[in-house]
Each structure stands twice: as C-alpha cells, then as structure tokens.
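Undergrad: So the sequences go chain by chain: A and B. Position 133 of the first sequence, counting from 1, maps to 133 under our numbering, and the rest follow consecutively. Position 267 of the second sequence, counting from 1, maps to 267 under our numbering, and the rest follow consecutively.
The set of hints was computed from the structure by calculation and includes no laboratory data. Bear in mind that the values here come from a model prediction, so they are computed numbers and not experimental data. Fair warning: there could be bad hints in the mix.
[Claimed, not checked] Residues on chain B that point at chain A, a partial pick, calculated with CB under 8 Å:
id	residue
1	Leu2
2	Gly31
3	Arg39
4	Gly41
5	Pro102
6	Gln107
7	Lys132
Yeah, the Cβ is synthetic: ideal placement off N, Cα and C, and Gly gets one too.
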Amino acid sequence: MNEDHDLKRTDDPCSRVSRRGFLESVGVGMTGIAVASNLSAQDAEELTEDAEPKKLSLVINGRKHMLIVEPRTNLLYVLREKLGMTGTKPGCERGECGACTVLIDDKSRYSCLTLAFEADGHDVTTIEGLVHGEKLGVVQQAFLEKDAFQCGYCTPGQIMAAEGLLRSNHDPSDEEIREGMSGNLCRCGAYQHIFKAVRRAAELKKEEGSA
Amino acid sequence: MLPKFSHVRPSSLRQAVQQLASSGSHVHAGGTDLLGCLRDGVFGAEKIVSITGIGELRGINSREDGAVRIGALTTLSEVATSPLIAQNYALLAQAAAAAASPQLRNQGTIGGNLCQRPRCWYFRGDFQCLRKGGDTCFAINGENEFHCVFGGSRCYIVHPSDTAPALVALDARAHIRGPLGMRVVPLGSFFVLPALDLARENVLRSGEIITHISLPPLAPGSISSYRKVRARGSWDFALAGLALALKLTGRRVDWSRVVLSGVAPIPWRSSETEKVLLGRDLNPRTLREAADAATRGAEPLSQNGYKVELVRGIVEESLRAIMESHPETPSERT
Numbered sequence: 001m002n003e004d005h006d007l008k009r010t011d012d013p014c015s016r017v018s019r020r021g022f023l024e025s026v027g028v029g030m031t032g033i034a035v036a037s038n039l040s041a042q043d044a045e046e047l048t049e050d051a052e053p054k055k056l057s058l059v060i061n062g063r064k065h066m067l068i069v070e071p072r073t074n075l076l077y078v079l080r081e082k083l084g085m086t087g088t089k090p091g092c093e094r095g096e097c098g099a100c101t102v103l104i105d106d107k108s109r110y111s112c113l114t115l116a117f118e119a120d121g122h123d124v125t126t127i128e129g130l131v132h133g134e135k136l137g138v139v140q141q142a143f144l145e146k147d148a149f150q151c152g153y154c155t156p157g158q159i160m161a162a163e164g165l166l167r168s169n170h171d172p173s174d175e176e177i178r179e180g181m182s183g184n185l186c187r188c189g190a191y192q193h194i195f196k197a198v199r200r201a202a203e204l205k206k207e208e209g210s211a
Numbered sequence: 001m002l003p004k005f006s007h008v009r010p011s012s013l014r015q016a017v018q019q020l021a022s023s024g025s026h027v028h029a030g031g032t033d034l035l036g037c038l039r040d041g042v043f044g045a046e047k048i049v050s051i052t053g054i055g056e057l058r059g060i061n062s063r064e065d066g067a068v069r070i071g072a073l074t075t076l077s078e079v080a081t082s083p084l085i086a087q088n089y090a091l092l093a094q095a096a097a098a099a100a101s102p103q104l105r106n107q108g109t110i111g112g113n114l115c116q117r118p119r120c121w122y123f124r125g126d127f128q129c130l131r132k133g134g135d136t137c138f139a140i141n142g143e144n145e146f147h148c149v150f151g152g153s154r155c156y157i158v159h160p161s162d163t164a165p166a167l168v169a170l171d172a173r174a175h176i177r178g179p180l181g182m183r184v185v186p187l188g189s190f191f192v193l194p195a196l197d198l199a200r201e202n203v204l205r206s207g208e209i210i211t212h213i214s215l216p217p218l219a220p221g222s223i224s225s226y227r228k229v230r231a232r233g234s235w236d237f238a239l240a241g242l243a244l245a246l247k248l249t250g251r252r253v254d255w256s257r258v259v260l261s262g263v264a265p266i267p268w269r270s271s272e273t274e275k276v277l278l279g280r281d282l283n284p285r286t287l288r289e290a291a292d293a294a295t296r297g298a299e300p301l302s303q304n305g306y307k308v309e310l311v312r313g314i315v316e317e318s319l320r321a322i323m324e325s326h327p328e329t330p331s332e333r334t
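Construct the entire structure; sequences and hints are all you get.
TA: Here you go:
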C-alpha cells in the first residue's frame, strides 16, 4: 500500500500527522487511497478536518463544560463517560429505545444519535438537571407517586420525554400523551403507570405555575 | 463507538459543497439516519459535513406567488406543527406527524427524510446484498413481509419516507445545490427505481445538497390527507400508506393526486387511480374502481400479498371519508 507516499504530498505537516493517525486507526488500504485523493481537493477555507480529538464546549444543565473529544463521539458518551453524568442511559444506541433521551433547547432528542459536536451552541438538559438541590422535579415526583417503573432502567429517558412533551404542551390530551411518549420503550411494560404519571406531572406543573 | 471520521461544520452552502467534493464524505443534517447507518456499517464515512450551522437552510416561509418554501433543515416536528403547513397542506402536516417518534421528529429534517436509506433488513443487516454491491437480493427468497409490491426489479426495497409521498402528491420541487450550481427537480422525478440504478434511491449526485423544498399553492378548496397503516399504533414505518390530494366540485373530482407509501422503492404515484377518478362523482362504484385501479400491476412476493389488500382498503376508506364529508354534486340535485 502506498498511503504514506501519497500522504507526503500534502504540504501541511499538521494535517499529515493527524491524517496518518486516522489511517492507522482505520487500517484499510482503500480508505487510505480515498483520503489521500481528498488532499488535492482541499479548499482555501481552513475548516479543521481530522478525526482526532478536538476542543468542544457544551452547556449542560446551565453549566459550561470544556472538553476534548473525537468527532465521532456522541452526546450520550460525553455525558456518561467524560462527565460522569450517568443518569442518561445507554440502551439500543441506534435511536430505537429512548433510554438516552435528553432535552436540547427544550426538545426531546436521542443523545445516542446526536454527535457531541452537534450539541455545541445549544442548551442540553439531562435528568440531573431536573432536580433542584434535594427537591425532585415535578415529572420525577409524578413518576414516583404513580409508581411508573419496575426495573427503572428506561425511567430517566421516559422522564425526559415527558419533560420535553410538557415544555411544548402544557395541557396534553390523553392522545397527545400517548403520542408524546411513543418514542420510549419500557421492557417491563409499565406503560399504564407511565401514562398516569405524565398526566399527573401535567397537573403538578400547572399547580406549580399558578402557585 | 462509531467508526472514526472527521467532522466539519461549515457556515455557508458554498463551503459545504466544497467540503463534499472529497470522496467518502457524507452530509449530516439531522443525523438520525446517517449515524444509524454508520453504526451498523451500512456504509462508511471518512468525513461528515454537517450542514446544521447553515442558517439559511432552516424555516418555513410563504412567498409572494403563494408558494411555500421549506428549508431542508426544518425538522419534521416543525413541519408537523406549522400553522402555515397545516392550513395549506394538511397532508404534509399529517405525514410529518406520522413519521418516526417525537425525538426523531425533533431531530430529523425534511431534507434528510427524503434522502434516508432503505430500511430493508438485508440492506441494513450483515448481508452483502445487491444494493451494497453484492450479487443477490436476499428478499426474493427470504423474509419479504415488508418489501415492495410495485416497482421492484432485482431489488425489492420500499422507500421508508412518509413525507416523500405527501410532497409528490403536492407537486413539490426539490431545490438542489451542487458543485455545478443550483438545479430544481420535481419530487415526482426525484426518486430512482432499482431498474434505473441499484446503488441509489434518488437523483442527487455526489456533492449535492437539497437546500429547500417549494410547494406550489393548492387550488382553493382542495383537500388532502395522509393515511398510514403500521403494524403497531405508533413509531413504525408504513406497511402501506396513502397520500391523497383532491379538488372537488360537490363530489365530482376535478383533479387528484394518489401516491402510495410503503409499497414501492419510490413514492408510488398511481396515475391509473387518478384517471379513474377524473371527472367522476365519488360514489360507491367509483370508490371500488379507484381501489381496484390502485392495486393494478402489483407483483407481491411470497409474504407480502397482504399489502395489495391494504392498498385497496386504504384507497377506498380514504375516498369514502372524503365522499361522506362532502355534499353531493350540485348538478345532480337539479
């Protein structure tokens, strides 16, 4: 394979080093050739372009975090493995179960399908961000009151989905609750109680708002 | 962890198109389908060109000529809840609301929804199938319950999008930016059948990005609806669906668009059904004939014959609902 030979054509030593690192980690000749051919197409605009860790700042639960992460890192990984915020759960890691649900700019999203770099410039809210000191958030309180879980693994994701629903819709109908919670699976089958908890949370939010 | 790739987030379309010039680069809009494909190894990427930092690609606006422009980065949630869309193109709002789950709709974009890869489990799975450069379509003699009944040849995928059939029915156009500049493609000509090209599902060439969708105004008094049948009540792809747009005088059909989802490798426009409906009153006989016309030419595989009956059923049911909510044609009363 002639990746090294091709790579030396670049006149930017920084990009050469990082590209080589990239190639080593991929280790496939075909990929090497494809990347090497990219170099001639490099444009004038200096957009950092490599697979190595880069600086990233994220605002999570109102706090700014400075990180160094690889571009391929998803938000879920950053939350759990870089920041130790293990409330957000990994499940399917392909956007099919909802365990990793967080809010981005008040909207529910799957953190497993969100690259960490894509959360840059947005407000991320995790389950940890719903607690006020020792006081549970109203959705958490409602899930507790209505016994809306069995094993509890999907619960943080369920709560964040409910939180997202209630932030955009203060008074959801039964149908809107069902639809709003349809992106989260519960293998214990606690759906009936989850439904009641979301209805209760809507009441609690209303009371809180009028108090 | 996903395989390694580089990630750039240009702030202008021009930069994005330049970045896409290198081979092995992929566009990231919402990222929901892209990251899933990368994770499952459906294809690889050396570079992700994220277009999420390009503000001009967002939002829904009405234009002076009555058309509506939807930026490619507009999320499915935004399309589903936009009053402008709901008032003018109910069909599209319903289709966007019926897609995926709330989280995916909050992230997935209208442009990405049109460009998503097929959901065939052989294509997504660890099979070197025809569409991935192999020499076999495993669905032909395999588990083909969810595959196509129209338009298949050698490969039997269905197009997974709900918004695509809606946009075809609304005569929408895709505005595309590429290395050679802008071009405009009617959504009805945007998708590609396997007989034409096995490797891609649409006409986008390497380095091209959908910038926005434009929707011509519907004639006043037009009605439209989207019906989606799933194996469960929510969060699933269509077994079959129907995007329907009609212009009626009383119950007489002056114009119609009938586009099926979930049954073909592309949104499947049934011109035969439109022909049956044209100029005729909606009555039980027309409904039956229209439903029959919609199933004509179906070639089910070993496990998906039920889709033919589903098509018949949803065409008849959707038309009946419209018939019943409209007064009889004035000329009939006199």
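Undergrad: It remains to establish, for every hint, whether it holds in the given structure.
TA: Hint check:
1. A distance limit of 8 Å between C-beta atoms decides the matter here; for Leu2/B the minimum to chain A is near 4 Å, and the interface restraint holds.
2. For Gly31/B, the interface hint holds, since its Cβ comes within 8 Å of a Cβ in chain A; the closest pair sits about 6 Å apart.
3. With its C-beta approaching chain A no nearer than about 6 Å, Arg39/B sits inside the 8 Å limit, and its interface hint holds.
4. This hint is violated: Gly41/B has a C-beta 12 Å from the nearest C-beta of chain A, more than the 8 Å allowed.
5. Given hint, Pro102/B at the interface with chain A, holds; its Cβ is 5 Å from that chain's nearest Cβ, closer than 8 Å.
6. The interface hint given for Gln107/B is met, as the beta carbon of that residue sits about 5 Å from the closest beta carbon of chain A, less than 8 Å.
7. Restraint check, Lys132/B versus chain A: the minimum CB separation of about 15 Å is more than 8 Å; hint violated.
Figure legend: structure checked against the earlier numbered hints; hints not met, in rising order: 4 and 7.
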